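Visitor: Quick mapping for you: the protein sequence lines, in order, are chains A and B. For the working numbering, add 7 to where a residue sits in the first sequence, where the first one is 1. For the working numbering, add 748 to where a residue sits in the second sequence, where the first one is 1.
Simulated from the structure, these hints should not be mistaken for laboratory data. Any given hint might turn out to be false.
Claimed, not checked - Footprint (simulated), chain A over chain B, 3 or more residues, beta carbon under 8 Å: (1) 1051 to 1064; (2) 1134 to 1147; (3) 1178 to 1189.
All figures in this text were calculated on a predicted structure; none of them were measured in a lab. Glycine included, every Cβ here is placed at the ideal spot set by N, Cα and C.
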Amino acid sequence: MTFTYRISQWQLFVVVALTSISLTPFGSPAVHHDFGRHIWVANLVQWLVTGAGGLLALALARRFAAGPAGRFSVRAVGPVLGWVYGFLLATYVFLWGPVGTLDTMLQLLEVMELPETSPAYPAALTLGISSFAAYLGPEVVARFAEAFSWFLLIGLVMILVIPLAEASLGALLPVDLPDPAPFYNGTTWAYVLGIRGFFLVPLYAAYLDYRRRVHRPVLAGLLAALVVVGVITTTPHLLFSDAALKTLQYPGLETMATSPITILPVESALFVTVLIWHGIGFVVVAATLYVAAALFADLFRLPHHRWLVPVLAGLAFVILRLPLQTQVRETLMVGWSLLGYVVGLVFPAAILLLRRGKRVNP
Amino acid sequence: MFGWWKSKRKWSDWIRALDAALSPSELKWLRLRLDGGREAAVAYLDSVVDRRRLREDVVRPLVDAAPDPKAIRRVLSMGEPAESLSEIKRKVLDGWAAVFVDGAPLACTFDLFHPAARDVPEPSTEQTLLGPKYAFVEQLRVNLNLVRSRLPVEELRIEQLEIGRRSRTKVAVLSVKDVTNREILHEVREGLKSLDIDWVDDASVLSELLFGRTLTPFPLGQLTERPVRVARALMNGRVAVLVDGSPFALIVPTTLVELQKDSEGFLQGPLNRLFARFLRAAGTLLAVLGPATYAALLAVNPQILPTPLAVTVAVTREGVPYPVLGEILVLLLLQDLVQQAAMQAPGPLGQTLTIVGSLIIGQAAVTARLASSLVIIVLAGTAIGSLIIVNFPLSFAIRIWKYPITVLAGFLGAFGLVAGFASLLVHLASLQSAGVPYLKPFAPLNWYDLVHYSVVAPSRQAIERRPQTWRAADTRRTGSRARQDGP
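One chain only, chain A, in its complex shape (with noise of 0.2 Å):
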């Protein structure tokens, strides 16, 4: 692989921020139900895990990403325990963005857009526009997002402000640590290790220009994800109780419903903040999609990461078309995010204990 691609600071920034605004975190109701007005605990628990993880991707960086996206593990822990570790964060990727966020936005779509549309149209016109995306390398996908970044913060600025005119802090009171119940369900170690935009931290910093410092713009990012998923998920419990969000099936974007926008012609900020997830998904799906592709084609030293995008876009299409059921789906989405865990914290602490390596990025 040609190592030609160069991309900037703020480009990083934004590629972290957006992929970790992603739709997953929302389309856990569970959580909500769960927790309630306590929330903010689950808030505070994924700042600690999103901070741990942040952290690790970073050392994993600065140490050794240099050079071709795909060689840092094998760099780290040598070929055979790099293989394998590169293949399980190849996979997540791919799970994670063109099936678990597409998936989350086909969801969304069927129960807020398009009831009668068949979801495969959506699929595969969110897979083609992203792979093309994927195709043409890390430097047009970072363009694509930092574009597109220009219109989603206009529609995220409102979607964030404009609930918040009706919201009451009052309705968190009293501040007190909830049943540790929810702590010993799956779905919430999912919602927990929502902020994944870390995952891309070691494969897009490799090409930043090694001059400049890579901790600054993701730090930034992550915390601007922090930011607005925090008050996202939060802000329905300001507005309604408990057991009226019981009712809502995606609570943070429900809420929308409830908050007009009188200067434009909508009924409601609903419209604009499915525009905005949507926006954002795309961005997802188009970097996930290629960091899988490099990350595959690195493992299994293919000339180049283009050969597998349309490979992997559509064997993301055909796992999106399988028909299983609700609970098989659920299961399958937290043994997906404790392989989260595995590739993210775990790994990345046992490399970094074990492996001294070089400070490829200062």
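Got chain A sorted already, so can you dock chain B onto it with the hints?
Guide: Just chain B now, with coordinates in the frame of chain A:
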């Protein structure tokens, strides 16, 4: 220099050689009798030579000097010797006259080119209220003169090339020493030199050949007919290419933002420019997303609209016999047909056609219940949005892109709208012009250019420093370094 005078070669030898090489019907010969029984002949192409200058600068001096060989030599020394038949051919084709004298192995050539010139016109595609009102013409020499007069700096470099195996079209590459980025200049120059084609006659064709991206509708080079814009681009570190026979200059690299800048240039205040650019950006978004939003909201997601508005819209569509997507697509196509016809029709007729197309046909369609009144408003907004775009090729690209986005929105609603817009952004993100990303300074972000040149310019920093997008070799306009720069 004129030692060939005593050669034994006859001028009639040249007649046979040139007649064989050039079209005999266009090639004229003028036979002259000189001293000592020697004969001479003047060869020229009647269509491109200035006959008055031929008579007064060449023929009459030669005839007057005929008795005196030294005087003849003096007259001939005013021209340039041509060393081979191929050089004589090229010069004759370029409007030179070739003088052959018996006994001379070479010809003596005089530049008598008479351009079929028209007066320097006002810009027709880049109207300006406050800027200079003159534009390029079809003659390369005149165009170079216009640029030179606007940019009288000694660092201006003009490199002339010939492109086209058969046409040998003259092309001039303009840059400013110590300002233009050498990599970009090298890329343009080598790109031009490597072109393997038999005929080139236009700057827009050259742009396509140079970048090789023929599938994108977006212009990767900026075509302009205004010398002042070329001068400004050169001083910002860009490269300009002028083609003989084309009244447009090609400026590279370019970006989407640069193509949107108006012709008023630096003559307006920052607030005026900010507002004008906001309007232009809003117009562009309206042109590309307006019909798609209409299709998405009415065809797929009417629940998004507030109830009173939804009722009003439903009333306007009452009696329209086909679906929303069909309605908007047919009318968009009709609108583009009218625009295209108006563009090709002569001035007053074009304006009439626009009025007939937009008002009368639209009103008739609404009255006949073939279209809703709302769709006419949407189409009017779309048309105004596309007309507000300064650069015509860009406006055309936007007109093309609105169709797939509208179709997607018509089938998949708001999701289709986002998907269409995302595909447009991916396409734009993939484009580069001479190595400069097309979406710069928005993506990749360049705060300096964004603030000082693209949004609020001109600021004081914009006057002191050149835009960073073009990677100019000398970034400062002021200060000791700028003053010291030079040959």
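Visitor: Against this structure, judge whether each hint is valid.
Guide: Okay, the hints, checked on the actual structure:
| no. | hint | verdict |
| --- | --- | --- |
| 1 | 1051 to 1064 | holds (count 6) |
| 2 | 1134 to 1147 | violated (count 0) |
| 3 | 1178 to 1189 | holds (count 3) |
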